[in-house]
Structures are given as structure tokens and as C-alpha cells.
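Q: Protein sequence lines, in the order shown, are assigned to chains A and B. Under this note's numbering, residues 5 to 337 are what the first sequence spells out, in order. Under this note's numbering, residues 53 to 731 are what the second sequence spells out, in order.
Do not take every clue at face value.
A short list of chain B residues far from chain A (calculated; beta carbon distances all over 10 Å) [unchecked claim]:
{"id": "1", "residue": "P80"}
{"id": "2", "residue": "Q101"}
{"id": "3", "residue": "W193"}
{"id": "4", "residue": "Y521"}
{"id": "5", "residue": "I544"}
{"id": "6", "residue": "N604"}
Reference excerpt, derived from the structure (chain B facing chain A, CB under 7 Å, subset only) [unchecked claim]:
{"id": "7", "residue": "Y120"}
{"id": "8", "residue": "A121"}
{"id": "9", "residue": "V122"}
{"id": "10", "residue": "S123"}
{"id": "11", "residue": "D124"}
{"id": "12", "residue": "V151"}
{"id": "13", "residue": "I527"}
{"id": "14", "residue": "P528"}
No lab work stands behind these hints: they were computed from the structure. All values derive from a computational prediction rather than experimental measurement. Note that CB positions come from ideal geometry on N, CA and C, so glycine has one too.
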Amino acid sequence: MIELYVTHLQRVVALLSTVLLLWLASPFAGAAEAPRLAYLVSDLRIPFWRIMADGAAQRAAELGYRLEIYSADNSARQELVNTAKALASDPVGLILSPTSSSAAQTVLELAAEAGVPVVVADIGTEAGAYVSYIGSDNEQGAHELGRLLVRTLEARGWSEGGVGIVAIPQSRQNGQARTRGFITALKGTGFTPAGIRQQVDFSHEETYRFSRELIRAHSDLRAIWLQGSDRYQAALDAIRDAGRAGEILLVCFDAEPEFIEMIRRGTLVGAAMQQPRLIGERAVDSLDAYIKGDSVPARQMLPVLVVSRDNLDELLPVIYNNVLGLNMEQSND
Amino acid sequence: MTEPERDQPSLLVSLALLAAVSVMLVVPAHGVYSFFTQKKEIVAEQQEQVESSLVSLSANVVPLLQAYAVSDYQGLVQTEMGLRNYVAILIEDFNMAQVLGRPEYVTGMIRTPDGEVMAYRGANPVQRQRLTAADVTRHTWPLQSEGVTVGRLSIYTTDALVRQKQKEIFLDSLGDSLLMSVVLMALLILFSKYRIIDPLAHFVEALQERDADGIPVRVLPSFKYRELTLLTDTVNAMLDMIRSSRAAIERERTRLRNVIDGTHVGTWEWNIQTGTTEFNERWAEIIGYGLGELGPTTIETWWQLLHPDDRAKAEQQLQRHFAGKTPFCRYEVRMKHKAGHWVWVLNRGKVISRTAKGQPLMMYGTCQDISEQKENELRLRLAASVYECISDGIMVIDPDGVIRDVNVAFCQLTGYQAGEVLGESIRVLRSDQQGEPSYHTVWQALLTQGNWSGELCCKRKNGELFPAYLKVDAIPGADGQVGNFVVLLSDISHFKAHEQQLEQLAHFDALTGLPNRLVLAERLRNAMAQARRRGELLAVAFLDFDGFKSVNDRFGHDAGDQLLITMAQRMEQTLRESDTLVRIGGDEFVVLLPDLTEPEGCLPVIRRLLAVASSPVMIEADRVQVSASIGVTFYPQAGEVSAEQLLHQADQMMYAAKWSGKNRYQLADPAPGPQHAAG
Chain A
5 MIELYVTHLQ RVVALLSTVL LLWLASPFAG AAEAPRLAYL VSDLRIPFWR IMADGAAQRA
65 AELGYRLEIY SADNSARQEL VNTAKALASD PVGLILSPTS SSAAQTVLEL AAEAGVPVVV
125 ADIGTEAGAY VSYIGSDNEQ GAHELGRLLV RTLEARGWSE GGVGIVAIPQ SRQNGQARTR
185 GFITALKGTG FTPAGIRQQV DFSHEETYRF SRELIRAHSD LRAIWLQGSD RYQAALDAIR
245 DAGRAGEILL VCFDAEPEFI EMIRRGTLVG AAMQQPRLIG ERAVDSLDAY IKGDSVPARQ
305 MLPVLVVSRD NLDELLPVIY NNVLGLNMEQ SND
Chain B
53 MTEPERDQPS LLVSLALLAA VSVMLVVPAH GVYSFFTQKK EIVAEQQEQV ESSLVSLSAN
113 VVPLLQAYAV SDYQGLVQTE MGLRNYVAIL IEDFNMAQVL GRPEYVTGMI RTPDGEVMAY
173 RGANPVQRQR LTAADVTRHT WPLQSEGVTV GRLSIYTTDA LVRQKQKEIF LDSLGDSLLM
233 SVVLMALLIL FSKYRIIDPL AHFVEALQER DADGIPVRVL PSFKYRELTL LTDTVNAMLD
293 MIRSSRAAIE RERTRLRNVI DGTHVGTWEW NIQTGTTEFN ERWAEIIGYG LGELGPTTIE
353 TWWQLLHPDD RAKAEQQLQR HFAGKTPFCR YEVRMKHKAG HWVWVLNRGK VISRTAKGQP
413 LMMYGTCQDI SEQKENELRL RLAASVYECI SDGIMVIDPD GVIRDVNVAF CQLTGYQAGE
473 VLGESIRVLR SDQQGEPSYH TVWQALLTQG NWSGELCCKR KNGELFPAYL KVDAIPGADG
533 QVGNFVVLLS DISHFKAHEQ QLEQLAHFDA LTGLPNRLVL AERLRNAMAQ ARRRGELLAV
593 AFLDFDGFKS VNDRFGHDAG DQLLITMAQR MEQTLRESDT LVRIGGDEFV VLLPDLTEPE
653 GCLPVIRRLL AVASSPVMIE ADRVQVSASI GVTFYPQAGE VSAEQLLHQA DQMMYAAKWS
713 GKNRYQLADP APGPQHAAG
């Protein structure tokens with residue numbers, strides 16, 4: 005799966021480089037220069053952002069914009085440097101996926117000073133002026149995921165028990181939405197939140213430790229829900245090491261390419277998958293509409309796909325395209 | 053309300069104004085003090101806050117600065133602005149300036165004059181002007197990370213807060229002053245009205261109800277508060293004292309008037325400096341005038357009425373008193389009565405006040421009519437001269453019999469000097485003669501009757517006795533009781549001698565000196581009574597000389613008288629002490645022989661009488677001899693018998709003896725009847 009991402013990345017970089025070189029070498033480049041859009045992304049090395057950038061780039065090209073992508077590599081300083089550079093290039097619009105909602109505020113202020121409209125994608129901002137915020141409906145996704153887990157547990161003949169939660173920081177709005185949706189789904193059932201641990205450094209060790217603590221503290225634990233996707237192995241290891249494999253189920257938010265097989269095998273009960281490509285496309289669409297003077301909703305929440313073994317096959321094309329940024333052929337490579 | 057009262061300030065208004073002024077002075081003063089105190093505190097607190105903010109902000113901001121977390125440290129700034137009342141907090145971010153390629157990158161929050169906190173925009177001239185305003189102070193703090201300055205933190209403060217505080221204090225003070233003034237004035241007005249003014253009005257009302265002398269008649273009402281009650285009590289006490297004093301003065305005046313009326317004296321008040329003189333009605337009355345007839349009166353009024361001969365004396369006495377030589381001025385002068393005669397008056401007076409220079413100013417005195425006293429003095433002087441000039445002795449003795457006074461005649465009569473008897477008992481004059489009224493008898497008579505008169509034998513200083521006639525009268529004392537006695541003492545020696553002489557003539561025989569028939573009758577009755585009382589016998593002997601007629605015839609009547617004298621003497625010598633020899637005429641004698649137990653008891657005497665009678669008597673050269681016949685009878689007898697009957701019986705017995713031969717005796721029978729014996 006990792007190889008899949010690396011290959012994909014290399015291809016994208018090659019593609020972009022080619023497009024860029026062609027564009028710069030073109031004799032029309034200076035005379036009929038397409039309006040510029042800039043995408044300030046926190047870290048293009050992360051698939052989620054890359055997929056989103058792909059979606060944005062593709063839609064920008066489709067709409068006749070020249071999209072410049074600036075990755076901050078998760079550095080606030082770099083993000084500001086990128087911002088200065090991007091604004092200096094006189095863009096007609098800016099898509100921002102900030103390193104943090106706090107940092108977004110500074111970028112928005114700089115953009116406002118420069119008079120450049122901004123669409124915020126996925127990671128929100130604490131303040132500042134922007135055209136629209138486009139993100140995933142985390143609460144909806146978490147709620148459906150919770151319902152899926154309850155159905156699965158009940159299908160196993162369990163009517164009660166606890167569900168341990170290893171959460172992303174609850175200071176984030178997406179973290180709060182995910183928790184809220186999931187707990188709402190458990191209400192009225194025999195299953196209750198047994199405990200919640202917030203991730204700090206998102207390490208394997210941290211997730212493993214949190215999982216073990218939840219298992220040890222709650223003997224009636226029936227499942228663990230990871231609010232992130234990347235440390236799913238740590239949770240599986242903890243269940244296994246606790247001797248509870250098969251007794252404690254796992255559900256995750258977000259997606260990893262290997263989740264398709266894991267769901268299919270039942271290692272993972274299900275996952276709530278955002279659609280980054282769709283977000284990127286929608287961001288460019290919104291900027292375009294704004295530039296053209298159309299009204300743009302200030303907040304656009306895109307649905308999260310809740311995938312289980314039951315609907316995996318049905319959703320697989322969407323998952324590849326919008327979630328994983330792959331096409332079916334590539335995935336089969 | 054009278055004009056002056058309207059002009060006087062109202063206590064109520066004054067109290068209200070006082071309260072208002074006090075509040076207006078005190079509260080703002082306190083406000084000013086509070087302002088300066090609070091200003092100092094505010095400045096210090098602000099400074100402390102700024103320093104605290106600088107330190108804490110810098111500590112929190114630096115990491116964020118390093119992390120390029122502009123919005124994060126902006127959030128800290130906003131939080132701090134929310135907590136503190138700063139004008140602005142600005143952060144100059146060197147990193148951001150470098151990243152953005154700008155000369156400076158300043159962010160922060162600024163507070164608008166309306167108090168709204170908003171993001172700082174360096175391009176905003178209004179905001180920049182606000183930061184450079186005169187009342188804004190900038191406090192800067194370097195932001196350092198590991199010794200490298202990465203930025204600068206600036207906090208802008210303003211003294212607007214102090215001014216605001218000043219304004220608040222001013223408004224508070226003003227509000228407090230007004231509120232307190234209104235409340236205090238209202239309270240004071242209510243309090244004053246109900247607790248002071250109204251009671252004072254009652255107080256004044258009570259004060260205004262006054263009697264004719266202007267003294268309040270009611271007891272002044274008391275107040276609730278002790279200070280005012282003290283006033284009431286004091287005024288009540290003063291009024292009581294005034295009433296008491298007035299009553300005392302009235303009593304004194306009445307007493308004085310009564311004294312003046314009682315003593316019936318005239319009074320006068322003389323202003324010596326002006327001559328003005330006030331007299332009372334009695335003064336004018338003494339000299340027969342009504343006071344209205346004399347007015348207006350001055351000292352000249354008196355002077356003109358003064359007897360010319362007495363003016364010098366009066367003037368002398370007055371000048372002596374004015375000079376302080378006499379405590380009182382007193383003199384007796386005559387004044388012209390309206391009727392024309394002179395009236396003796398006694399003037400008494402005293403200078404009561406003097407001028408600053410010591411000159412007599414006011415003199416008060418009395419004028420007493422002493423005309424009667426003067427007449428009495430005249431009479432007394434007359435009486436005194438009588439007392440001294442009368443030939444009878446006069447002495448005054450007290451109820452204890454002590455001599456208090458004697459006159460000259462007394463001294464001449466008794467031979468005592470006055471000093472020798474004054475203080476001595478009246479007994480010094482006693483003679484202790486038998487048969488006189490006893491001193492005790494006289495004294496009892498004096499004490500019971502108040503007077504006594506009679507004869508007493510007194511003793512002169514030289515022991516000589518003299519008969520005196522005493523007339524003693526009590527002199528009543530002031531209490532009506534017997535005080536002293538005045539004794540009028542007359543020497544009656546000559547009178548007594550003459551009286552004795554007359555007595556002798558009446559009761560004694562001029563020839564023989566023997567008792568006569570008058571004495572016989574009395575002594576016989578006494579002897580009869582004594583014999584009856586004692587159960588004894590009384591012998592009555594009738595003696596007649598035998599041959600006496602022949603002696604007269606032979607030797608003459610002188611010889612006969614001489615014979616009778618000699619015989620009488622001889623017979624007296626033969627008798628007992630208790631016997632009585634009486635010549636009843638011629639040569640007839642009666643002898644009373646009392647104290648006999650039996651008839652014969654008389655015989656020795658009878659026989660001695662016979663013997664004596666028969667003894668010869670030498671008359672000149674002649675030897676004369678006679679005898680006697682004696683008839684004797686006795687008493688008591690069987691029947692009742694009188695003195696005359698006894699003499700008659702004795703006479704019968706004498707004749708019987710004569711008939712029997714003379715020179716013998718014949719005894720009558722003790723019982724009536726025949727003769728009992730003869731010798």
C-alpha cells in the first residue's frame with residue numbers, strides 16, 4: 005500500500021512538473037496568462053492533502069485557472085513564507101488548508117490585506133474573512149459509523165458493553181464533531197462510551213498504550229474506535245496483546261488503502277471515509293463562482309462515506325476516486 | 053412676630069444650612085482625599101499590572117512568536133486586553149517581518165475611545181494617532197528567545213482611567229453630598245422641629261405666660277434631651293429662685309413695712325450729692341403734715357423744719373458720720389409741727405453707699421417721734437429728784453430681798469452708805485425684836501398681796517434700834533409678775549414716844565405707875581380665860597389701906613401720894629412674876645393672883661401684902677404707918693361669874709375684912725355662898 009502511495013506521488017510530481025514546464029515554455033505563457041489560483045496546503049506529503057490538491061488542480065485546469073500549490077510541510081513558518089510568495093504572485097484566489105486553524109487566521113489576514121479571496125478547505129480557521137469553508141461532515145460520518153458498530157455488535161449477539169475511544173484532540177472542531185456524532189449513535193443502545201483518550205503525538209506507542217488502558221479498565225469493552233486512521237495497527241496490536249482478538253472490534257475514521265482489504269476480511273468493522281478529492285474540486289468551484297460573482301455558501305459540508313463489508317464493493321469506485329485519489333486500474337496495479 | 057424676631061435667623065434654617073455646608077465641605081474634601089489616594093493606588097496598580105502583563109505576555113508570546121503563531125499570540129493579547137484596561141497591546145514580530153519581507157510586522161489590539169477592543173492596523177491613522185496621544189504612555193518589553201530579540205512587546209496605558217476615576221469620585225461626591233444634604237436636612241428639620249423647635253416653642257410659650265412682675269408663672273416643660281433639660285431645669289431653678297427671692301423680698305418688705313408701721317417711725321432716703329430726699333408718709337405725719345403738702349422734698353425741707361438751736365448739733369453728728377467716725381448717725385432734735393409747737397424726734401441713719409471718690413452718696417434712716425419719751429424723761433427726772441430729796445428713806449429690793457437701790461434719806465436714816473447695803477439682804481435692818489411681825493410674815497404678805505405696810509423696829513448701822521413705818525409696794529415686772537419692791541421707810545421714833553406716852557396715860561396710874569382700871573379689866577379677862585383653860589384657880593384680891601385718909605389729913609396729899617407710891621413699890625416687890633397689881637383709885641388696889649391649885653395657895657402673897665402694907669414709911673422726916681384690908685375671891689366658881697362680879701365679890705370680902713378689924717384678909721368661898729376663911 006505504501007508503495008502504491010509513493011508511486012502515485014512520483015507520478016503526480018512528474019505530471020505537475022511536466023505541466024509546469026510546458027506552461028512556462030509556452031510562447032503564450034506571458035501573453036495569455038491564465039488567472040492564477042494558489043493552494044496553500046499544510047503538508048503535501050500526506051495523502052489526504054495530496055488527493056485534495058489533485059482534485060483542485062484537475063478542477064482548476066478544467067476551469068481555465070493556473071493553480072500553484074504551496075506545501076508548508078507542516079511548518080508554520082513555511083506556510084507564512086508560502087503565503088507571502090503566493091500573494092506576491094498576484095493570484096485571483098487562494099485555497100487554504102492551513103497547518104492549523106490558528107495559523108489560518110494569520111494567512112487570512114495577509115490575504116485580506118492583499119485583497120485576495122480565500123476558500124478554506126477542510127481545516128477551519130478560528131477567525132478571519134474567507135469566501136467559504138468546505139469540509140467533511142464529520143458528525144454525520146461518526147454517527148453512521150457508530151450505528152454500524154452497534155449493528156455489528158448486536159449481530160454478534162451482544163446487547164451491551166463499552167466502547168473505548170482513542171480520539172484526536174477535542175480542541176479541534178472536527179474532533180468534537182466526530183465524538184458528538186458517535187456518542188449520539190450509541191444513545192438508546194446497550195453500548196456506552198467506556199472511556200476516551202486524546203492523542204497528543206499520534207505515535208504508535210501512544211495509541212497502543214491508550215488502547216491497552218481502555219481494555220484493562222473496562223472488562224466489558226466490546227470495541228475500540230479510532231478517530232484517526234494511521235495508527236490502526238497499534239490498536240490491533242493492543243487487542244491482540246490483551247488476548248481479546250475477536251472479542252474487541254475496531255472501527256476507524258478516515259481511510260487507508262489497506263482498509264479495503266481489512267474491511268473485507270473483517271479485521272476492521274468499518275471506516276468513515278472523507279472525500280478529499282471532492283473537497284479540492286469543490287474549493288476551486290467555489291472560488292470560481294465567487295470570482296464570477298455567483299453566490300457561494302459560506303459553509304459547505306461534504307458527506308463522509310461509512311464503509312463496511314456490506315457496502316464496500318458498492319462504494320469501491322467512489323473510495324478509490326474521491327477518498328484514495330486512485331482509479332480502479334491503479335489500485336489493481 | 054415682632055420686627056426684630058423676623059430679622060433674627062431661624063434656628064431650623066441655620067441647622068439645615070449648617071448640615072448642608074458641612075456635607076458640602078466634608079464630602080468633597082473626602083472625595084479629593086479619596087481621589088488622590090485612589091489615583092496613587094490606581095497608578096501604582098496600573099504600573100504593577102503593566103509590568104505583570106509585560107512579563108507574563110512576553111513569556112507566553114515568545115514561543116508563539118517563534119512558532120509564527122500570530123493568531124495565537126494575538127489571542128493572548130486580546131485576552132489580556134479583555135482583562136486589562138489598556139489602550140493597546142502591540143507586538144512587533146521580527147520573524148514575521150523577516151518572513152513577509154517587511155520592515156516591520158506589528159500586530160495587537162487597540163481599544164477605541166468607545167471602549168471597543170479591535171485589532172490593530174498600523175495603516176489606520178486614527179489608531180496611530182490614538183497611540184501617540186498625550187495621555188497615552190508606552191511601556192515596552194523586549195521579546196527574547198535564547199538571548200535573541202525576536203520582537204518587542206508594547207503596552208499602551210492612559211491616565212484616562214485616572215480621569216475617569218476623578219470624574220466618578222467627583223460625581224459620587226456630588227451625589228453623596230446632595231443626597232446626604234437632603235437626607236441630613238430632612239432629618240435635621242424633622243428632628244429639630246419635633247425635638248427642639250416645638251419643645252422650645254412650648255418652652256417660650258410657658259415663658260411668655262407671666263405675672264404682673266414679668267415672672268413666668270408656669271413650670272417650664274422638660275425636654276427629651278438632657279442638655280436641653282438641663283437648660284429647662286436651670287431656668288426652672290432660676291425662676292424658683294426668683295419667685296422665692298421675690299417672696300422673700302416681699303416678706304422682707306412686708307416685715308420692714310410692718311416694722312416701720314409697728315415702730316411708727318418715719319423713713320427717709322437722702323441723696324447727699326443731689327440733696328434729693330424721699331420721706332414716707334409717717335415722717336410728714338410726725339410733724340403734722342401730709343406728704344403731699346411737703347413735696348417735692350429735698351434735704352432743705354427737713355432743714356427748714358429743724359429747730360434753729362438744734363441745727364448745729366445735727367450738722368455735727370452728720371459730719372462725724374460722713375467722716376467715718378461713727379458707725380451710725382444718731383441725734384435728737386426738735387422739728388416744727390404744723391400746729392406751731394415743737395416735736396422732739398430721734399433721727400437715726402447710715403451712709404450706705406459712697407461715690408468713687410469716697411464721698412457719701414446715699415444715706416438711709418428713720419425719724420422717730422420721741423416727744424412722749426422726752427416728757428417721760430422729764431417726769432423721770434422729776435421723780436428722781438423727789439426720790440433723792442424726800443426725807444423718807446426709800447429702798448428698792450428684789451423678790452429675794454436683796455437691796456437694789458436706796459436714796460439719800462435712807463442712808464441718813466440708817467447710817468449706811470449706799471454702797472454698804474446695795475446687794476445686801478434686807479435683813480441687815482432687822483432688829484429681832486419680840487412681838488413684831490416676823491420677816492417671814494411680812495414677806496408672805498408682800499408676795500400674796502403685793503403690798504404691806506406697818507411698823508417695824510429697825511436697826512441702824514450702829515446697832516441702834518428705831519421704830520419705823522414701812523410701806524412696801526410691789527413694782528410689777530415686764531411680765532406682769534412681781535419684779536422689785538419699793539420700800540418707803542419712815543422713822544417714827546417721835547411718834548412712838550408720843551404714842552407710848554398717851555398709852556401710859558390711858559392705862560397706868562399716873563401716881564404709882566401701876567396699871568389702871570382699864571388694864572385691870574383686860575388682864576382680869578385674860579386671867580379668867582387662862583384659869584379656865586388650865587383648870588387652875590385665879591385669886592382676885594381687893595386691897596384698901598386702912599387709915600389712909602388720916603395720913604392725907606395729917607401729912608397732906610403729897611405725903612399721901614408718896615405713901616401710895618412707896619406702898620405700890622413695896623407691894624409689887626412681894627408679888628410673883630405672874631401676878632398683877634392694879635391701882636383702881638384712891639387707896640384701892642386689886643391684885644390678880646393666877647396659877648393657884650387651891651384657894652389657900654394665895655395666902656402667902658396675901659400675907660406678904662398685909663405685912664408690907666403695915667410696914668412704916670418715912671415721908672420726909674415723918675414716920676407714917678398704915679395697914680390694909682384685903683378681900684379675896686376666886687375663879688372659877690360653881691356658877692357663871694363675870695369680871696365685874698369677881699371684883700364685886702372681892703370688894704365685898706375687903707369690906708368684910710374691914711368690918712372684921714382691918715389689917716386682915718377675908719377669903720371668899722370658892723363656891724358661891726358664905727365666907728370660906730379669914731386671916
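Q: All hints are to be evaluated individually against the structure, with a verdict given for each.
A: Structure-based check of all given hints:
1. For P80 of chain B, the non-interface assignment is confirmed: its Cβ lies about 48 Å from the closest Cβ of chain A, beyond the 10 Å cut-off.
2. Under the 10 Å C-beta cut-off, the non-interface status given to Q101 of chain B relative to chain A holds; the minimum distance is some 26 Å.
3. At roughly 22 Å, the least C-beta separation between W193 of chain B and chain A is larger than 10 Å, which holds for a residue marked as non-interface.
4. Residue placement check: Y521 of chain B keeps its beta carbon more than 10 Å from all beta carbons of chain A (closest about 165 Å).
5. Listed as a non-interface residue, I544 of chain B keeps its Cβ farther than 10 Å from every Cβ of chain A; the least gap is roughly 169 Å.
6. The beta carbon of N604 of chain B is kept farther than 10 Å from every beta carbon of chain A, the shortest such distance being approximately 208 Å.
7. Taking 7 Å as the C-beta contact cut-off toward chain A, the hint placing Y120 of chain B at the interface holds, the least distance being around 4 Å.
8. For A121 of chain B, the suggested interface contact is upheld, since its CB lies about 6 Å from the closest CB of chain A, less than 7 Å.
9. At its closest, the beta carbon of V122 of chain B sits 4 Å from a beta carbon of chain A; the interface hint therefore holds under the 7 Å criterion.
10. Annotation: S123 of chain B was flagged as interfacial toward chain A, and the flag holds, the nearest CB pair being 3 Å apart, inside 7 Å.
11. At its closest, the beta carbon of D124 of chain B sits 5 Å from a beta carbon of chain A; the interface hint therefore holds under the 7 Å criterion.
12. With its C-beta approaching chain A no nearer than about 5 Å, V151 of chain B sits inside the 7 Å limit, and its interface hint holds.
13. Because the smallest distance between the Cβ of I527 of chain B and any Cβ of chain A comes to about 145 Å, over 7 Å, the interface hint for this residue is violated.
14. A distance limit of 7 Å between C-beta atoms decides the matter here; for P528 of chain B the minimum to chain A is near 142 Å, and the interface restraint is violated.
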